Every structure is written in structure tokens, then in C-alpha cells.
Amino acid sequence: MPKVKIPRKSTSVDMTAMCDVSFLLLTFFILTSKFKPTEPVAIDLPNSRSEIQVNDAIKISVDKNGKAYINYPSVTFRLKALEKMAEYYKDKYPALVNLTEKQKANFAQVETFGFNAKSNVGDLLNKKPDEISAESTGIPMDSADNQLGDWVMAGRYADVDINHPSARNAIRIAIKGDKNTDVKAVREVIKTLTEKDIHTFNLITTLAGGSSAAGAEKKE
Amino acid sequence: MAEIDTSGGGGGGKHGGKVRGKKLSTKVDLTPMVDLAFLLITFFMLTTSLNKPKAMDLSMPKKDDTKKQDVKESQVLNVLLGKDDVIWYYGTEDGKMTDMKQTTFAGDQGIREVLLKKQKQVEKMHGHDKEYGDKMIVLIKMAEGAKYKDMVDILDEMDITKTRIYAIQDIVPIEQETIDNNGKVKAGEEIERVTR
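The listed protein sequences correspond, in order, to chains A and B. Residues 1 to 220 in the numbering used here are what the first sequence spells out, letter by letter. Residues 1 to 196 in the numbering used here are what the second sequence spells out, letter by letter.
Bound conformation, chain A alone:
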């Protein structure tokens, strides 16, 4: 009787397919991930059950001490807004008018900024973007010197130039407040916006756990 030979099977598995999948996933995550932008202050967002997504918006941050900062959506947007600010409010902020290209470029690198435009802006903008961000003191927004409103308007003018929006899809304004800030500071921001005829805006929050929503459903 002939001997039955058990064929020896190789233990190695073809890794090609696995490699394909893992690189596909890797590419996906690399492309979709967006690194956390550097901000001068950490902002602890309040929770809500609202699920509206805001992508491009002029974000006004209010930190826990009630100071305001502004965040425009992109580098080109920041450059344009700075230009508009110098164009429309040149009498108010002469320091913003004759900035060098280098200073403008430095400004555009700072994602969230907050400085007094009536102070010596030229010197500040000579510094590196990180330092400009670190030296943020907040944008003044009291009724006597409401620079925040001007920055918001400059942003809207920049939006008109860049995106040519119709009346309905003009850029949104979003308020990003720290949950522990005094509500008065936020009211001040809202007041500033309504004075500039902006009556609809967003409040940025994080999504709360489903518990509160579920609770409400039970009640009804």
C-alpha cells in the first residue's frame, strides 16, 4: 500500500490584502484628521443636545475671564479681513494701515487672535505667530471702544469678496464661550452682534450624552 503523504502546508499567510486594507484606513484617517488649532486660551465648551454642524464661520471665543478672541476660517480670509479692517476703519486703527508683507503674513498664521488694534500692532506682528498668539490680551468690546464689532464686520466684508455669497448663505457667526465664563461677557458679545444687525448666530457646544434627551422623551 502506498504511503499517504500529508502535504506540508506553509504557515505564512499572504499579507497583501491586509496591508491594502490597513493602508486604505491609514490614508482615510490622515486625510480626515485635522489637528487641533493652537489657541491662546483653552475653552471648555458647554454641553447641549443640539446637533447642528458649523463648518466655516467667524468664531468669537470668550474665555473664562470674559475676554474675546476672533477666529477666521482660513489664511486667505485672515489676510482679506485685515485688509478690509485697514480699508474701512483706517481712521480708527491707523496702526493697521501700513503693515509690511511680513507682518501681514505673520498675522495670517495666527488662527485665533486677540489684541488691541489701537495698541502698537506693528511691533506685535513682527514676532513669530506663536508669540503673537501667546501675547493675546483679548479684543476690547466695551461700548466706548468696540473693536470686536469692527473685526466681525471686516470678516463679513472679506466673506463677500472671497465667497460672493448671496444674502442667505453669508458666513455664519459663531460664539464659542467657556462654560464657566460670566454670562455678562457673552451678552456683551451678543449685544455687539445685534448692534451690527446680526440677529442670527450659533453657539458652539459639545454634544451631551444622550441622557438628557432620553429623559425628555420619556416625559412626553
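No lab work stands behind these hints, which were simulated from the structure alone. One should not assume that every hint holds.
Only pairs whose alpha carbons sit at most 30 Å apart, straight line, appear in this in silico DSS-like list of lysine-lysine [what the hints assert, rightly or not]:
| hint | chain 1 | residue 1 | chain 2 | residue 2 |
| --- | --- | --- | --- | --- |
| 1 | B | 117 | A | 179 |
| 2 | B | 72 | A | 191 |
| 3 | B | 62 | A | 196 |
| 4 | B | 62 | A | 191 |
| 5 | A | 118 | A | 102 |
Partial chain B-side listing against chain A, Cβ under 7 Å, derived [claimed, not checked]:
| hint | residue |
| --- | --- |
| 6 | 30 |
| 7 | 33 |
| 8 | 146 |
| 9 | 149 |
| 10 | 156 |
| 11 | 166 |
| 12 | 184 |
Computed from a predicted model, the values in this text were never measured in an experiment. No residue lacks a Cβ here, since even glycine has one placed at the ideal position from N, Cα and C.
Fit chain B to the known structure of chain A by using the hints.
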């Protein structure tokens, strides 16, 4: 796995003499590559923030909007946000302010219950409105010491209780005084009816 053939080149082996071109395997070991890929995937998964910020809509009335609505005082609930997450609320009777009551944001027993109760009461008195569902009007005011979180929470409660008509208003001095007086209205003091 890709083994390196160490059995020597053409010379050795059983086929003495004849030099044969060695057949090299075209397979490459992909294990380390997969390892690396998964390491990077893990890194990117962990660094991407999973809780994307969401936003809520808020509309404020236009200042020059002089259109006044007739509002019955039984429709109105005044909600005042105070210090340490405390909420005060009151209604008016015959133009007079009633004593304030105190509540919190705590789940079902807090302000939500108050709102839903008032909603039912208003619906019983004024009927159901096609457009808004019910006719309850909530006036939200921020007292001394309120946090931004409280404002977002109360707006959230408006959404949860499906209250369609609400407004954020400035607090009136007498209301702040009443809160400081622990909710008791000083006798004889009247509050002007606030209309939207």
C-alpha cells in the same frame, strides 16, 4: 515569511557541476509593513478628536422691530438664572409680581418639570396654537453671577420641552432685588408687565 536562502549559490547542492540560475521568490514579507500601518492608524484614530463641536442656533429680535404682540400675563413665565446653577421663576398676577420659586437644572424634577407644567396650564387656558403648539412665552433673564453654561442649558431646555416662544432679556432691577431678598417680593411693589 520571507526566508533568506542561505543554502549557497549555484555551485552547491545536488546538481553537481551545472550552474543554474536561482529562482528568487517574488514574494516580499509584508508583516512589518502591516505592523507599521496599524501603528499609524492607531495614532491617527487616537489623535482625531471624536467629539466634534456642535452648535445651536440663536436668534435675537431686531431692535427696530416695534411690532407688539398682545400677551396675556398667564402665558408668561419669567425664568431668571442665578448664581450656582440656581434658577428662579415667577409669573405675574394682575400686573403684580408673585413670589419667586427656586429650582435647578436637575433632570426631570428641575426647570423641565416647571416648564412642562406651565405648558399644560397655558394650553388648558388658551388652547392649542397651530403654529407654535402652545402659547407659553418664556422670558429668560440673567441675574448676577449666572454662568454661560446656564444660558446654554436653559436654551437646551427650551429645545427639549419644545417651547417655541422665548426671549433673552435684560434683567429688571426689581427682579435682582427680589432674588437678593430670597424670592420674596417686597410688599406693594409692582412690576410693569413685560411684553414681547
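Comparing the hints with the structure gives:
1. B/117 x A/179: holds, 28 Å
2. B/72 x A/191: holds, 28 Å
3. B/62 x A/196: Given that 30 Å is the threshold and the Cα spacing comes to 11 Å, the pair holds.
4. B/62 x A/191: holds, 11 Å
5. A/118 x A/102: holds, 20 Å
6. 30: At about 3 Å, which falls below the 7 Å cut-off, the nearest Cβ of chain A leaves the hint on residue 30 of chain B intact, so it holds.
7. 33: holds, 5 Å
8. 146: holds, 4 Å
9. 149: Constraint on residue 149 of chain B satisfied, holds at 4 Å.
10. 156: holds, 5 Å
11. 166: Because about 14 Å separates residue 166 of chain B from the closest Cβ in chain A, which is outside the 7 Å limit, the hint is violated.
12. 184: With Cβ-Cβ at 24 Å, over 7 Å, it is violated.
Hints 11, 12, counting from the list given before, are not met by this structure.
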